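Enquirer: Go by the hints and put chain H onto chain A.
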Amino acid sequence: MNLNIKIGNLSIKNPVMTASGTFGYGEEYSEFVDLNRLGAIVVKGLSIKASEGNPPPRIWETPCGMLNAIGLQNIGVEAFIKDKLPFLREFNTSVIVNFFGDTVDEFIRAAEYLSSEEGIDALEMNISCPNKQEGWISFGTDPQLTFKVVNNVRKVTNLPLIVKLSPNVTDITVMARAAVDSGADALSVINTITGMAIDIDSRRSRLANITGGLSGPAIKPVAIRMVWETFKSVNVPIIGMGGIMNGDDAIEFILAGASAIAVGTANFVNPTSSTDVLSRIETYMKKNNIDDINTLIGKLEC
Amino acid sequence: MNKLIKAEVFNNTDLTDNHFLIELTPLSDIIPFTPGQFYMLEASSSPDQLLKRPFSVLDYKKKRLSFLIKVKGKGTALLKNLSKGKIINIIGPLGNGYPPANDNEKLLVAAGGIGIASVFSLLRKYDNTVLFYGIKTKNELLLYEKLKDMSSELYISSDDGSIGEKGNVLKILKKYLLDRDSDNSKYRLYCCGPNIMYKNLAQTSFNSVLEIFISLEEIMACGIGACLGCAVKSNDSYKMVCKDGPVFNIKEIRYES
Numbered sequence: 017m018n019l020n021i022k023i024g025n026l027s028i029k030n031p032v033m034t035a036s037g038t039f040g041y042g043e044e045y046s047e048f049v050d051l052n053r054l055g056a057i058v059v060k061g062l063s064i065k066a067s068e069g070n071p072p073p074r075i076w077e078t079p080c081g082m083l084n085a086i087g088l089q090n091i092g093v094e095a096f097i098k099d100k101l102p103f104l105r106e107f108n109t110s111v112i113v114n115f116f117g118d119t120v121d122e123f124i125r126a127a128e129y130l131s132s133e134e135g136i137d138a139l140e141m142n143i144s145c146p147n148k149q150e151g152w153i154s155f156g157t158d159p160q161l162t163f164k165v166v167n168n169v170r171k172v173t174n175l176p177l178i179v180k181l182s183p184n185v186t187d188i189t190v191m192a193r194a195a196v197d198s199g200a201d202a203l204s205v206i207n208t209i210t211g212m213a214i215d216i217d218s219r220r221s222r223l224a225n226i227t228g229g230l231s232g233p234a235i236k237p238v239a240i241r242m243v244w245e246t247f248k249s250v251n252v253p254i255i256g257m258g259g260i261m262n263g264d265d266a267i268e269f270i271l272a273g274a275s276a277i278a279v280g281t282a283n284f285v286n287p288t289s290s291t292d293v294l295s296r297i298e299t300y301m302k303k304n305n306i307d308d309i310n311t312l313i314g315k316l317e318c
Numbered sequence: 003m004n005k006l007i008k009a010e011v012f013n014n015t016d017l018t019d020n021h022f023l024i025e026l027t028p029l030s031d032i033i034p035f036t037p038g039q040f041y042m043l044e045a046s047s048s049p050d051q052l053l054k055r056p057f058s059v060l061d062y063k064k065k066r067l068s069f070l071i072k073v074k075g076k077g078t079a080l081l082k083n084l085s086k087g088k089i090i091n092i093i094g095p096l097g098n099g100y101p102p103a104n105d106n107e108k109l110l111v112a113a114g115g116i117g118i119a120s121v122f123s124l125l126r127k128y129d130n131t132v133l134f135y136g137i138k139t140k141n142e143l144l145l146y147e148k149l150k151d152m153s154s155e156l157y158i159s160s161d162d163g164s165i166g167e168k169g170n171v172l173k174i175l176k177k178y179l180l181d182r183d184s185d186n187s188k189y190r191l192y193c194c195g196p197n198i199m200y201k202n203l204a205q206t207s208f209n210s211v212l213e214i215f216i217s218l219e220e221i222m223a224c225g226i227g228a229c230l231g232c233a234v235k236s237n238d239s240y241k242m243v244c245k246d247g248p249v250f251n252i253k254e255i256r257y258e259s
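These protein sequence lines map, in sequence, to chains A and H. According to my numbering, the first sequence is numbered sequentially starting from 17. According to my numbering, the second sequence is numbered sequentially starting from 3.
Pulled out of the complex, with its shape left as it was, chain A reads as follows (with noise of 0.2 Å):
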């Protein structure tokens, strides 16, 4: 049974990642989880700085999912490579790194710091957050800033280089586009949805942010539904993901077009959600006489 699937130059040895902001740097999970069956892990999002992010509180359940602004609070691109990458790289599992900027010259600077180390095995732009607060329109809602950020992080680097969309927009095609036509490798198809919660006691938002980022099953039906209209309209792997709680909804997100898919918020609610998931989509495969996993992608009949 072939599970290896391609993402530009990297080979990775089966479809399930975990996606970024929701596994830390590895290490905490690695008590519950056996980081060698996952086909990678994408660690929380760094910046050329180390960053504080936001003043609590920073999340807020929801039906069916959950709010959050953390505010992309990482330890920089620096300490990631001394103090966490050794830890990642005991393991047989791909290492792919999110990263982000507030402008186009800290994206190119943390793409050249972490395109120069050993044990990265691709990276993964930021290119959508809604956490940000400072006023000016996220990248990933602009083509043009979209086709400018990913051009510039492509010409310093050569690792397989994955942008991670917004589903803020009102068509994703035209920015999964602009990110292959400047030279991603890959999608990841989709980031959180913007929302907002108000306690109506104190008559405040639940998150000193004020809005956050909507995670879970409650976002599932839209993510599979922008993998879709991805999948129909660019030509490289797209990574699926949101709300994705088993291998059920891993299989659906594959025939929908995904290459691979990520796991996220489905960790908090079970920390061993990811090898889980893993387990399902091979006996999946095992029951439905299928022998290699790429012969699934895209397979949605209409």
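Derived from the structure by calculation, the hints contain no laboratory data. No experiment lies behind these values; they were computed from the predicted model shown. Any given hint could turn out to be false.
As a list, the in silico EDC-like pairs of lysine to aspartate or glutamate whose alpha-carbon atoms are at most 16 Å apart [claimed, not checked]:
1. H:K74 - A:D217
2. H:K5 - A:E47
3. A:K100 - A:E133
4. H:K76 - A:D215
5. H:K245 - A:E128
6. H:K5 - A:E44
7. H:K245 - A:E47
A few chain A residues that face chain H, going by a derived Cβ cut-off under 8 Å, partial list only [said to hold, decoys possible]:
8. E77
9. I91
10. P287
Glycine included, each C-beta is placed from N, C-alpha and C at the ideal position.
Expert: Just chain H now, kept in the frame of chain A:
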């Protein structure tokens, strides 16, 4: 020994309209907990209510973990209705606990309201503890017999004066220390209560209390230090209540005035 285990509801008793005591029998070996540590409890396996909820371990006796819980919202309301025999997933013990007390310091324990749940196991661990327990009103006094039995001195206060001294727990704590001002005793204070209690404590100077440790709570998702959701402002940026805490030295935490 695993931190993610299944546990069966052995008993679930209402103590008041909105407080209950739930006892869980772990179905596999557990790591012994330190007073102050917590477990993430699954209130529902339905995707409608995703996240587990964190609760301090009240006690471990006869191979059962017990938790004393106040109903605040959806999760706690569901936990209140878990019936005997129900099997749930739990994760723990998590976080740090109250650090070991020094021999030369007398241990004072203060609880505000449901904070009694966090400090209770300290009474089991240490002899000669002095417990200060503040509640809003007589009806919210929980586990009185056990507390009397397990502490060497017990002082109670209520906001409305319906039981014990009228006032809050800090009032009776300060009174105790003032009465003993001329002793040369050195004290260590472990406490758990609402944030307003910590804020007031942080602004009080004590001659004889050398260290104060507090237990914080924050809304959590993962409970294990990965999601960065349960942040609290400390002097040194943000700390995570689930991983760096829940117990902190009071000097570490930044309070807005």
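Enquirer: CA of K5 of chain H to CA of E47 of chain A, is that 16 Å or under?
Expert: holds, 8 Å
Enquirer: Quick one, are K76 of chain H and D215 of chain A close enough, alpha carbons at most 16 Å?
Expert: holds, 14 Å
Enquirer: Quick one, is the I91 of chain A hint okay against chain H at 8 Å, beta carbons?
Expert: violated, 11 Å
Enquirer: Given the hint that K74 of chain H pairs with D217 of chain A, does the C-alpha gap stay at or below 16 Å?
Expert: Distance of about 14 Å is within 16 Å: holds.
Enquirer: Under the criterion that the straight-line Cα-Cα distance not exceed 16 Å, is the pair K5 of chain H, E44 of chain A satisfied?
Expert: holds, 12 Å
Enquirer: Mind checking the alpha carbons of K245 of chain H and E47 of chain A for me, to see if they're no more than 16 Å apart?
Expert: holds, 15 Å
Enquirer: Hint check: K100 of chain A vs E133 of chain A, CA-CA at most 16 Å. Holds or violated?
Expert: Satisfied, since the Cα-Cα distance of roughly 13 Å is no more than 16 Å.
Enquirer: Within a Cα-Cα threshold of 16 Å, do K245 of chain H and E128 of chain A meet the stated pairing?
Expert: violated, 32 Å
Enquirer: Was the hint right that P287 of chain A lines chain H, CB cutoff 8 Å?
Expert: holds, 6 Å
Enquirer: Can E77 of chain A be said to touch chain H, with a Cβ gap under 8 Å?
Expert: Holds - the Cβ of E77 of chain A comes within 8 Å of chain H, reaching about 5 Å at its closest.
Of the hints listed earlier, those the structure fails to meet are numbers 5 and 9, in rising order.
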